[in-house]
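Please put together the full structure from these sequences, using the hints given.
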Amino acid sequence: AQSVTQLGSHVSVSEGALVLLRCNYSSSVPPYLFWYVQYPNQGLQLLLKYTTGATLVKGINGFEAEFKKSETSFHLTKPSAHMSDAAEYFCAVSSNDYKLSFGAGTTVTVRA
Amino acid sequence: DTAVSQTPKYLVTQMGNDKSIKCEQNLGHDTMYWYKQDSKKFLKIMFSYNNKELIINETVPNRFSPKSPDKAHLNLHINSLELGDSAVYFCASSHLDREETQYFGPGTRLLVL
Numbered sequence: 001a002q003s004v005t006q007l008g009s010h011v012s013v014s015e016g017a018l019v020l021l022r023c024n025y026s027s028s029v030p031p032y033l034f035w036y037v038q039y040p041n042q043g044l045q046l047l048l049k050y051t052t053g054a055t056l057v058k059g060i061n062g063f064e065a066e067f068k069k070s071e072t073s074f075h076l077t078k079p080s081a082h083m084s085d086a087a088e089y090f091c092a093v094s095s096n097d098y099k100l101s102f103g104a105g106t107t108v109t110v111r112a
Numbered sequence: 001d002t003a004v005s006q007t008p009k010y011l012v013t014q015m016g017n018d019k020s021i022k023c024e025q026n027l028g029h030d031t032m033y034w035y036k037q038d039s040k041k042f043l044k045i046m047f048s049y050n051n052k053e054l055i056i057n058e059t060v061p062n063r064f065s066p067k068s069p070d071k072a073h074l075n076l077h078i079n080s081l082e083l084g085d086s087a088v089y090f091c092a093s094s095h096l097d098r099e100e101t102q103y104f105g106p107g108t109r110l111l112v113l
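Residue numbers (the working numbering), protein chains in the order written: chain R, 1 to 112; chain Z, 1 to 113.
Source of the hints: derived by calculation from the structure; they are not laboratory data.
Certain hints may be false.
[To be verified] Here are the simulated DSSO-like pairs of lysine-lysine, each with C-alpha atoms no more than 30 Å apart in a straight line:
#1 R/Lys58 - Z/Lys40
#2 Z/Lys52 - R/Lys49
#3 Z/Lys67 - Z/Lys52
#4 Z/Lys9 - Z/Lys67
#5 Z/Lys22 - R/Lys68
#6 Z/Lys44 - Z/Lys9
Keep in mind it's a predicted model, so treat the numbers as computed, not measured.
As structure tokens, then:
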């Protein structure tokens with residue numbers, strides 16, 4: 001079975017500061033990992049994903065994530081936060097029966 | 001140019017009623033999903049159909065019945081609505097492969113009174 005743990009249900013950063021959202025996974029098969037963003041009252045939008053190949057993955061809006069097998073982690077970062085980054089962020093792992101298992105989400109607030 | 005659309009966007013109804021939520025995708029995907037997001041924003045898969053056949057059926061009350069008339073549509077019918085059914089329901093679609101991105105609809109916010 002696959003599962004995801006997101007450390008920190010809420011992260012508050014200053015505009016221009018580093019954004020770091022933590023995600024650890026467990027998987028019985030090579031993991032395929034995803035980060036999604038949900039803006040208020042909207043659906044989920046893919047930020048980036050890791051399937052195979054390069055372990056540092058770049059996504060939209062300046063976000064990137066690094067797959068570290070030894071640490072079973074897939075943390076999401078952005079060097080400089082913008083007010084528009086305020087949203088809910090979900091890490092997810094794809095199982096071998098095609099299900100996406102989501103973490104509990106991390107709410108990001110950005111202070112001016 | 002909407003990719004995954006859902007109707008209605010909001011649904012307020014009384015306990016005991018029967019209601020349906022419709023989902024359509026124009027991405028040419030062969031697989032569609034229903035997810036439930038509870039009040040704590042936790043997302044959990046409910047059902048998945050591939051080419052009109054049920055492939056994922058999580059532990060969901062049998063009051064919930066998905067219907068897929070064709071590859072582009074997956075509707076969710078809920079009988080005898082209960083207070084605990086209040087949630088946001090998301091439809092998604094993808095090609096059937098673990099690495100494929102699932103594209104989500106905007107959600108249907110269901111409130112049962």
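R/Lys58 and Z/Lys40: Cα distance at most 30 Å? Holds, at about 29 Å.
Compare the distance between the alpha carbons of Z/Lys44 and Z/Lys9 with 30 Å, and conclude whether the hinted pair is satisfied. Holds - the C-alpha atoms of Z/Lys9 and Z/Lys44 are around 19 Å apart, at most 30 Å.
Would the pair Z/Lys22 and R/Lys68 pass a check requiring their Cα atoms to be no farther apart than 30 Å? violated, 39 Å
Agreement of Z/Lys52 and R/Lys49 with the hint, judged by alpha carbon distance not exceeding 30 Å: Holds, because 27 Å separates the two Cα atoms, which is no more than 30 Å.
Taking 30 Å as the top limit, are the C-alpha atoms of Z/Lys67 and Z/Lys52 close enough? With a Cα-Cα distance of about 8 Å, the restraint between Z/Lys67 and Z/Lys52 holds, given a limit of 30 Å.
Is the Cα-Cα distance between Z/Lys9 and Z/Lys67 30 Å or less? holds, 19 Å
When the structure is compared with the earlier hints, a violation turns up for hint 5 alone.
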